[in-house]
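**Q** Listed here are the chains, written in short residue letters.
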Amino acid sequence: MPRTARDVVFVDGVRTPFGKAGPKGLYAETRADDLVVRAIRELMRRNPSLPPERVDEVAIAATTQTGDQGLTIGRSAAVLAGLPKSVPGYAIDRMCAGAMTAVTTTGAGISFGSYDVVIAGGVEHMGRHPMGEGVDPNPRFLADRLVDPSALVMGSTAENLHDRFPGITKERADAYAVRSQQKVAAAYAAGKIQPDLVPTAIRSVEKGYGLATADEPPRPGTTLEDLAKLKTPFRPHGNVTAGNAAGLNDGATACLLAAEDVARELGLAPKMRLVDFSFAGVEPEVMGVGPVPATEKLLARNSLTMDDIGLIEINEAFAVQVLAFLEHFKIADDDARVNPWGGAIALGHPLASSGVRLMNQLARLFEERTDVRYGLTTMCVGMGMGGTVLWENVNWEGAK
Amino acid sequence: MSTVETWRSLLASEDRNADEVVTHARVRDVELPFGAGTLALITLDNGFDHTKPSTFGPRGLLALNDALDQIEARDDLVAVGVTGKPFIFAVGADLNGVPSVRDKDEARLVARLGHDVFRRLGELSVPSFAYYNGAAMGGGVEIGLHCTYRTISAGVPAFALPEAFLGLVPGWGGTYLLPNLVGAEKAIKVVIDNPLAQNRMLRGKQAYELGIADAIFESADFLEESLTWTARVLKGEIEVTRPEVDKGKAWDDAVALARWNLDGKLHGAAPSYVRAIELIAAAKDRSRDEGFAAEDEALADLILSDELRAGLYAFDLTQKRAKKPAGAPAKELARKVTKVGVVGAGLMASQLALLFARRLEVPVVLTDLDQERLDKGVGYAHGEVDKLLAKGRVSADKANRLKALITGSLTKDAFADADFVIEAVFEEMSVKQKVFAEVEEHVSPECVLATNTSSLSVSEMASKLAHPERVVGFHFFNPVAVLPLLEIVRGERTDDAALATAFAVGKQLKKSSVLVKDAPAFVVNRILLRLMAEIIQTVDEGTPIDVAERAAAPLGLPMPPFVLMGLVGPAIALHVNETLHGKFPERFPLSEKFAKFVAAGKRGVYQPDFTLDPEAVALFGGGTNPSTEEQVLERALNGLAEEIRIMLDEGVVAAPEDIDLCMILGAGWPFHLGGITPYLDRAGIAEKAAGGRFLEPGVASVSR
Chain A
1 MPRTARDVVF VDGVRTPFGK AGPKGLYAET RADDLVVRAI RELMRRNPSL
51 PPERVDEVAI AATTQTGDQG LTIGRSAAVL AGLPKSVPGY AIDRMCAGAM
101 TAVTTTGAGI SFGSYDVVIA GGVEHMGRHP MGEGVDPNPR FLADRLVDPS
151 ALVMGSTAEN LHDRFPGITK ERADAYAVRS QQKVAAAYAA GKIQPDLVPT
201 AIRSVEKGYG LATADEPPRP GTTLEDLAKL KTPFRPHGNV TAGNAAGLND
251 GATACLLAAE DVARELGLAP KMRLVDFSFA GVEPEVMGVG PVPATEKLLA
301 RNSLTMDDIG LIEINEAFAV QVLAFLEHFK IADDDARVNP WGGAIALGHP
351 LASSGVRLMN QLARLFEERT DVRYGLTTMC VGMGMGGTVL WENVNWEGAK
Chain B
1 MSTVETWRSL LASEDRNADE VVTHARVRDV ELPFGAGTLA LITLDNGFDH
51 TKPSTFGPRG LLALNDALDQ IEARDDLVAV GVTGKPFIFA VGADLNGVPS
101 VRDKDEARLV ARLGHDVFRR LGELSVPSFA YYNGAAMGGG VEIGLHCTYR
151 TISAGVPAFA LPEAFLGLVP GWGGTYLLPN LVGAEKAIKV VIDNPLAQNR
201 MLRGKQAYEL GIADAIFESA DFLEESLTWT ARVLKGEIEV TRPEVDKGKA
251 WDDAVALARW NLDGKLHGAA PSYVRAIELI AAAKDRSRDE GFAAEDEALA
301 DLILSDELRA GLYAFDLTQK RAKKPAGAPA KELARKVTKV GVVGAGLMAS
351 QLALLFARRL EVPVVLTDLD QERLDKGVGY AHGEVDKLLA KGRVSADKAN
401 RLKALITGSL TKDAFADADF VIEAVFEEMS VKQKVFAEVE EHVSPECVLA
451 TNTSSLSVSE MASKLAHPER VVGFHFFNPV AVLPLLEIVR GERTDDAALA
501 TAFAVGKQLK KSSVLVKDAP AFVVNRILLR LMAEIIQTVD EGTPIDVAER
551 AAAPLGLPMP PFVLMGLVGP AIALHVNETL HGKFPERFPL SEKFAKFVAA
601 GKRGVYQPDF TLDPEAVALF GGGTNPSTEE QVLERALNGL AEEIRIMLDE
651 GVVAAPEDID LCMILGAGWP FHLGGITPYL DRAGIAEKAA GGRFLEPGVA
701 SVSR
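Residue numbers (the UniProt record's numbering), protein chains in the order written: chain A, 1 to 400; chain B, 1 to 704.
By construction, these hints were calculated from the structure, which means they are not laboratory data.
We treat Cβ as the ideally placed atom computed from N, Cα and C, and that holds for glycine.
Treat the hints with caution; some may be incorrect.
[Said to hold, decoys possible] Partner residues are not named here, just some residues of chain B that face chain A (Cβ under 8 Å, in silico):
(1) R26
(2) V27
(3) E31
(4) K339
[Said to hold, decoys possible] In silico lysine to any residue, SDA-like type, Cα no more than 20 Å apart, as pairs:
(5) A:K20 - A:Q194
(6) A:K192 - B:D29
(7) A:K85 - B:S395
(8) A:K85 - B:A220
(9) A:K85 - B:G392
(10) A:K20 - A:S204
(11) B:K602 - B:I572
(12) B:K387 - B:P479
(13) B:K320 - B:L483
(14) B:K323 - B:L515
(15) A:K207 - B:N65
(16) A:K20 - B:D29
(17) A:K400 - A:E368
(18) A:K85 - B:S219
(19) A:K20 - B:R28
[As the list claims (entries may be wrong)] Computed Cβ-Cβ distance ranges for the label pairs, DEER-style:
(20) A:A399 - B:P86: 48 to 58 Å
(21) B:D15 - A:E29: 29 to 39 Å
(22) B:K249 - A:R54: 44 to 54 Å
Make a model of the complete structure from these sequences and hints.
**A** Printed below as a string of structure tokens:
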């Protein structure tokens, strides 16, 4: 019997405020699983018409799946969040695109008819789990020259990208970074970011309990001069600095996806419709270019061009990687469609959680921009990949 | 000088409370949701994990006072919050400093410091919120009571005002604030009834239902939700309403009922309860200042009471000595027990089988020579499992597992692979010797053979075996599932490995074990029987039963002697008495009247309506030399002191502390007596009747 694919909608998304990784960061003494549990509970609380037992899957991504990010984090988090024991869960890993993959995989499952409602999200506590913790790369990667030695050092892959796009200078990257900081500051001032945030308890033995209510990483007053002074740790006289890259961060995200008809039945208000998604591989040593082929594939399959896309939420792992994407698609560095409320350079990038942050922001933007029909969320992924998701605004005025 | 200043100088100039584990009051600003403003959140944390709960000594109280100074100096705050470290809110006063308090001024100073610091939380210019995130007891509960609002986590496992149980009153605001918050009846439940019921604890939900907390949230994000609730309260979105407290008849009735209950149970023996009820009774008409001042006086008196010192001593025994039994061999010597045998299938045997199966989770085989009795025994154990299932105490899977573990066999070859076999057959030496000899034919040489005898000699029981070194006494108290004491008896030839295994099994059974020498009736029964022997003797001589029965009331024991006899069973009491008489004829005389009473098949001296049975009165009648209540009591106490001294001289247990521990855990003797030896010491009976004190002054009494 032929199947009919079902429409999948993004109903709602939340996240914890992002913190700086390390002993002085907001979440230095807070567990990773507690962060994502808090996000899931708040997501359920914000959607009271959803009976918890109707959740068919909890897919949570983490890059380092050990310790408090281990134990099949999706299932552990579901149990810890107090969802009925009948609700299953699992863990997902695609490095930076973990939460994005959680969304696309479970979304595909909804479309296939296997799920009605899912929770998808991600968590990364880079303070407790530094990048590369416990990895044991196969010596054949290098012996057989499968990848360049720089492929596993993300900053070095960003430097490599400057080589591939010589027109993208450090000055352009820094200017992009300053704009990201400015856009985030403006969005905060206008109250655009706060609605997605879940106030989260934090504790330190020295200071006692507190409450994280805002992102810790942004540096609103950053100037070009400030950035010019920063070191280039990945290459002498290089281009990539702590200022034009996302930092090392802690945070968690969670969103609710549903079959469109089920959302209607349960009284859930969708914000955007999942149209299609695409992942693509590139050489690992220039992983930052990954969004380009992923997006090309996606647009082609849907007979769209970049002109049809009204909003782009691109993860800012590195300014150069965003600029490479923009250059490829002939989009200006300061195009208003791109990250209107800023990005990861200012907000932070807790690896596997970021994909849903992009979606949260796109969903909020769609609410304001009913003139826009299509938007993208896209990100580069370690080991040479890119992922892009195409979304349609359910409130697009053209449909009315 | 204020109390705070006095303490500051005391702590600066003297080496006092030097070992205090200080609970810090960390202050951190919290931006409340919905733009409700900034709250200063105090976290009470002693720097250790939850296994060492936060308590309040003088340094901790001063730290909290400093935090409040810092908060009071600010004008940018909309509220103050108080919470605890993970899993623990705070568990009350640090009582380690109490034994060093010697005079009333000093005691009053301890009382006042708590008030002077805690009350500030209720007297700030902004509202205060307590977030009970974990275990809260005593002063921990009281900090919250001083706050304007309270939230509680559904995960709170223990919430209590246990002071009266120890010998104090919840006098840092508890007796005044709690009844004024929830009414006298509910306050009495927390302050009096629960401590009186073996120090029962409330859970978070119960505390909420009593109205102590204004809101309850699940533990997963308790603090976040409490802060969100706080913001809503501050913004006026949530109005906190509490039922009005009835300060009229309901209050007085609750107090009168509590007084009546207390008098019936303790006869005024424990001053802490009396003071607590007095404070609650008066709290409705007192101002805060008056209420707190009255609490200061009560605390000061009680801090200097021998009953409190005895209570702290008793608490320490149950918390520490009970966990590290004196004289027990090294734990490493214990052998693993993977299967248990129970000889006999009577009621006791079935109860033991169930207990072993539940706690050890290994196969337990009952044996009996009679199929019908065996089926009945196994059936009883399985039926008890079904009852646990019906009450939701075990899951269906667990019930299946337990029932599968408990089986029966007509032959003792079923014990072949057992590591521990306990007998619960008829209390007769020859029967028990025969049973052990039969068991020995089947079990390995290392298998421990345990006897639940209440009075027979363990050494004699083992004497005819090939491996007498494996025999231990394992004396439970009825009901075996409930009473926490296990007397573990070392026979003359018992070896360390068997004994260590017995202690390990005792621990797995969640019992508190005490090592006892192989002496007649061991500890608890010997002491109870000596008490009963003295009292029966006075009745024998002509003292009316009701006079004898009332004589021990001033001690506040859990039940009068003849009620206890009825509970134990007169036949058993007589049997143990005969055993003791055989060994110590002068101190355990045989009463012909008592023997006749048992022979008449009497189960007790009371009729179902609690009036004296005229037949029993007649059976005991005829004496011509009655004693007064005072005389009966004096003889009973003298007898106890004498017996305990002899037991210690015989080395039945290692120290008086073990006697007290046994009486507290096995007979339910109260904390205010410290078991019994602290009372015998302080009443001067030990010196008069037993040649000297049992414990050094200060150990369980005020050093004067």
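**Q** If a hint holds in the structure, say so; if it does not, say that too.
**A** Verification of the hints:
no.: 1; hint: R26; in the structure: holds, 3 Å
no.: 2; hint: V27; in the structure: holds, 7 Å
no.: 3; hint: E31; in the structure: holds, 5 Å
no.: 4; hint: K339; in the structure: violated, 33 Å
no.: 5; hint: A:K20 - A:Q194; in the structure: holds, 18 Å
no.: 6; hint: A:K192 - B:D29; in the structure: violated, 24 Å
no.: 7; hint: A:K85 - B:S395; in the structure: holds, 16 Å
no.: 8; hint: A:K85 - B:A220; in the structure: holds, 16 Å
no.: 9; hint: A:K85 - B:G392; in the structure: holds, 18 Å
no.: 10; hint: A:K20 - A:S204; in the structure: holds, 15 Å
no.: 11; hint: B:K602 - B:I572; in the structure: holds, 12 Å
no.: 12; hint: B:K387 - B:P479; in the structure: holds, 16 Å
no.: 13; hint: B:K320 - B:L483; in the structure: holds, 18 Å
no.: 14; hint: B:K323 - B:L515; in the structure: holds, 12 Å
no.: 15; hint: A:K207 - B:N65; in the structure: holds, 17 Å
no.: 16; hint: A:K20 - B:D29; in the structure: holds, 19 Å
no.: 17; hint: A:K400 - A:E368; in the structure: holds, 16 Å
no.: 18; hint: A:K85 - B:S219; in the structure: holds, 17 Å
no.: 19; hint: A:K20 - B:R28; in the structure: holds, 19 Å
no.: 20; hint: A:A399 - B:P86: 48 to 58 Å; in the structure: holds, 50 Å
no.: 21; hint: B:D15 - A:E29: 29 to 39 Å; in the structure: holds, 34 Å
no.: 22; hint: B:K249 - A:R54: 44 to 54 Å; in the structure: holds, 52 Å
Violated hints, in rising order: 4, 6; the structure is consistent with all others.
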